[in-house]
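Next come the chains, spelled out residue by residue.
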Amino acid sequence: MRPRAVTGAGPKLSNSRFGEPMVAATARSRKTAQMRRLLIQAVIIIALVAIVWSTYTTAQTNLNALGITGGYAFLERATGWSYSFSLIPRSVDDTYLRTLTIGFINTLFLGTLCIVLSTIIGFAVGSIRDTSNLALQTIASVYVQLFRNLPLILQLVFWYAVFIHLPGPRQAYALGEIVLFSNRGLMLPALNISGQTALILLLGSIALGVIVLFARITAMRALFVWASATVLAIAVSLLMFVPEGEPIASVPTLKGLRFQGGMQMTIELVAMIVAIVLYSSAYIAEVVRGGLAEVPRGLIEAGQALGLSGRTIWSRIKLPMALRSIIPPLGNQWIFVMKATTIGVAIGFSDLFMIVSTSLTQTGQTLELIAILMGAFLLINFALAQFVNVINRRMQLKSH
Amino acid sequence: MEATRRRAFATPADTVISVIVFGLLFYILWLVIDWAFVRAVWSADAVDQCKVDSIGACWSVIDARHRLILFGLYPFEEHWRSTAACASIIATVVLSCMPAFWSSRRLITLWIVGFAAYYLLMEGSLIGLPQVTTDQWGGLSLTLFLFSSVVLLGMPMGLGLALMRRSNMPVVRLTATLIIDFVRSLPLLTTLFTAAVILPILLPEWLQGDKIWRVILAFALFFACYQAEVFRGGFQAIPKGQWEAGKALGLGQWTTLFDIILPQVFRHALPATINMVVLTFKETAIVIIIGFFEMLASAGAAFGTGEWVPYYLEVYVFVGLIYWVFIFSLGQYGEYLKNRMKVDHR
Numbered sequence: 308m309r310p311r312a313v314t315g316a317g318p319k320l321s322n323s324r325f326g327e328p329m330v331a332a333t334a335r336s337r338k339t340a341q342m343r344r345l346l347i348q349a350v351i352i353i354a355l356v357a358i359v360w361s362t363y364t365t366a367q368t369n370l371n372a373l374g375i376t377g378g379y380a381f382l383e384r385a386t387g388w389s390y391s392f393s394l395i396p397r398s399v400d401d402t403y404l405r406t407l408t409i410g411f412i413n414t415l416f417l418g419t420l421c422i423v424l425s426t427i428i429g430f431a432v433g434s435i436r437d438t439s440n441l442a443l444q445t446i447a448s449v450y451v452q453l454f455r456n457l458p459l460i461l462q463l464v465f466w467y468a469v470f471i472h473l474p475g476p477r478q479a480y481a482l483g484e485i486v487l488f489s490n491r492g493l494m495l496p497a498l499n500i501s502g503q504t505a506l507i508l509l510l511g512s513i514a515l516g517v518i519v520l521f522a523r524i525t526a527m528r529a530l531f532v533w534a535s536a537t538v539l540a541i542a543v544s545l546l547m548f549v550p551e552g553e554p555i556a557s558v559p560t561l562k563g564l565r566f567q568g569g570m571q572m573t574i575e576l577v578a579m580i581v582a583i584v585l586y587s588s589a590y591i592a593e594v595v596r597g598g599l600a601e602v603p604r605g606l607i608e609a610g611q612a613l614g615l616s617g618r619t620i621w622s623r624i625k626l627p628m629a630l631r632s633i634i635p636p637l638g639n640q641w642i643f644v645m646k647a648t649t650i651g652v653a654i655g656f657s658d659l660f661m662i663v664s665t666s667l668t669q670t671g672q673t674l675e676l677i678a679i680l681m682g683a684f685l686l687i688n689f690a691l692a693q694f695v696n697v698i699n700r701r702m703q704l705k706s707h
Numbered sequence: 002m003e004a005t006r007r008r009a010f011a012t013p014a015d016t017v018i019s020v021i022v023f024g025l026l027f028y029i030l031w032l033v034i035d036w037a038f039v040r041a042v043w044s045a046d047a048v049d050q051c052k053v054d055s056i057g058a059c060w061s062v063i064d065a066r067h068r069l070i071l072f073g074l075y076p077f078e079e080h081w082r083s084t085a086a087c088a089s090i091i092a093t094v095v096l097s098c099m100p101a102f103w104s105s106r107r108l109i110t111l112w113i114v115g116f117a118a119y120y121l122l123m124e125g126s127l128i129g130l131p132q133v134t135t136d137q138w139g140g141l142s143l144t145l146f147l148f149s150s151v152v153l154l155g156m157p158m159g160l161g162l163a164l165m166r167r168s169n170m171p172v173v174r175l176t177a178t179l180i181i182d183f184v185r186s187l188p189l190l191t192t193l194f195t196a197a198v199i200l201p202i203l204l205p206e207w208l209q210g211d212k213i214w215r216v217i218l219a220f221a222l223f224f225a226c227y228q229a230e231v232f233r234g235g236f237q238a239i240p241k242g243q244w245e246a247g248k249a250l251g252l253g254q255w256t257t258l259f260d261i262i263l264p265q266v267f268r269h270a271l272p273a274t275i276n277m278v279v280l281t282f283k284e285t286a287i288v289i290i291i292g293f294f295e296m297l298a299s300a301g302a303a304f305g306t307g308e309w310v311p312y313y314l315e316v317y318v319f320v321g322l323i324y325w326v327f328i329f330s331l332g333q334y335g336e337y338l339k340n341r342m343k344v345d346h347r
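Protein sequence lines, in the order shown, are assigned to chains A and B. According to our numbering, the first sequence holds residues 308 to 707 in order. According to our numbering, the second sequence holds residues 2 to 347 in order.
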């Protein structure tokens, strides 16, 4: 125990004696602190301006030395080189603008496809991990631990190596003579419409999905409107665009050493889809399992007490509750998938990154091309983030 | 046993599912064991046996080429240095998982010592061994080098960015926010590509440095921007009273930050930080695209020539196993920590 202070010492510590000078001191120190803060910020602004200016001038001198003129005029020139994959007609005479657009479309196409597939598989595997059956849990865990704990690019080059070593077209693996898988790629039966029409249909369907999502109607009705409109659009385009006398669906057939008809997916595309979907669905499965595990037990017991069936409890209580915590990390995973398409360059899939890097070595328009690449990804990122926000808000609104 | 019965054979439907699924799992497991062990060929001299159709895995390729996969083009006589250097990094990672090392001073010392040991052994000229320049490093040792230098550089950068983002000076806050959001919106490959290919155009020659260091710095920036968000989450978990308590004790702002706030922030951010470290290890493989000879590239080289071309599967399984063991064990450790902290909070 400390001895108590002598009463006479008390007033010395009170504000009446030290108050005034202390206030003055604080005011002064506050002023110096203010000055210091202003100074620091000024230094940072000056430094940033200096960095931007010096990189700009250095870039100018370096590019001049290489004989490269800046600007976007090169976009109008023909490329003169070929690449592996495109949804719309292309040739070596295409301009850089068109080629870059094709790369952008490829990235969006592959990314969207992988997002849809990996979300479906991820939800399935995650739900299986949440069941009470030990065997199902085990197989789902093996799936998750196997595909989540290997680098994506390793999985990509692995599948690519496996697919290249598949037998040739004549000995292709066949499923009912309509699905063929060989070292030339995966051949699927398809509707008899051009790639361009299919792309427009796909974009229209996505746009409709977004509109339906914004509309204030129930999820079931939204799904119904979207699905029926999509089917209708496909039917109409089949009536309009299928040439007279040809069947509405075409099946791949072997003519010599090449396949004709159907939808032909190159092995680069198949390897990309397989690798990204396996990796990403394992991540989504973990997110889904975490979300399901977070639903309070009391809610489920309440459902049981009300006499609801297991399926009703799942669809009306567990899943809606879990979705609230699943959606934000799920959105992050979707953005990751879009960015992951860039590794296509490792096996020669012509995504935006590969088109940009090839253009770069061909033209030397470094800064312009990298600006296009970054701009495209900022755009994709922003759009997806907005999309996830809308879903998120819809989920939150319903609870109140 | 009782628990297994309840979880696998509760109802007839469950029993049917369990029998089918377990049967399938064991069948796959048997196929793998049969291929990898029972019918496998093990030594490099016996490579001729691999050509028989009924043979399983041909591990001869690993026997003959494992040094290439692990150490790349590092001079053959000096491989003991690569081995010791890799061991030093692995020991650093393992030791930092032990609670005895969980103080900032010990962790920083441990990582700097581990990394310095790696660099001195690999480079050599500073401790009187023959010099080996970074362009001869490769394989697993290059992967570990990228990984450890990215974490070592990225961690303080991430903390700096997180502090900047919390600053009450608008310019500082805005700069940090801009950098973090920009880097996080771009694919890692774009960031690395910019550092490798674009920076030489933007920077004067004396500032460019080696390509490998530019790429490491860019990778560290990528790590830092994600880690800054992890730290931000940690800061948000600290109640305001902690700052006020520091002030009430008459401690300065920096003392409060380093002695009271940050230890708690690290604690809260630990599981997410381990996630980031694991992710970084996985993502190092991407540098193969910008032309570094890390483990995935050396694996490609291992089956790239002559007689070894047909045995790509064995090489990928070997490399995959190395990645998997490392990533899986670190991930499980993070999971264990998360659960332990949950118990602590109750």
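Please note that a few of the clues may not be correct.
Quick list of in silico lysine-lysine cross-link-like pairs, DSSO-like style, CA-CA up to 27 Å [said to hold, decoys possible]:
#	chain 1	residue 1	chain 2	residue 2
1	A	Lys-338	B	Lys-343
2	B	Lys-241	B	Lys-343
3	A	Lys-625	B	Lys-343
4	A	Lys-338	B	Lys-248
5	B	Lys-248	B	Lys-339
6	A	Lys-625	B	Lys-339
Looking from chain A toward chain B, a few residues come up when the C-beta cut is under 10 Å (computed) [as the list claims (entries may be wrong)]:
#	residue
7	Leu-404
8	Val-449
9	Val-697
Please keep in mind that the hints were generated in silico from the structure rather than gathered at the bench. Nothing here was measured: the structure is a model prediction, and the numbers come from that model. Just so you know, even glycine gets a beta-carbon here, dropped at the ideal spot from N, CA and C.
In rising order, the numbers of the hints this structure does not comply with | 1, 5, 7, 9
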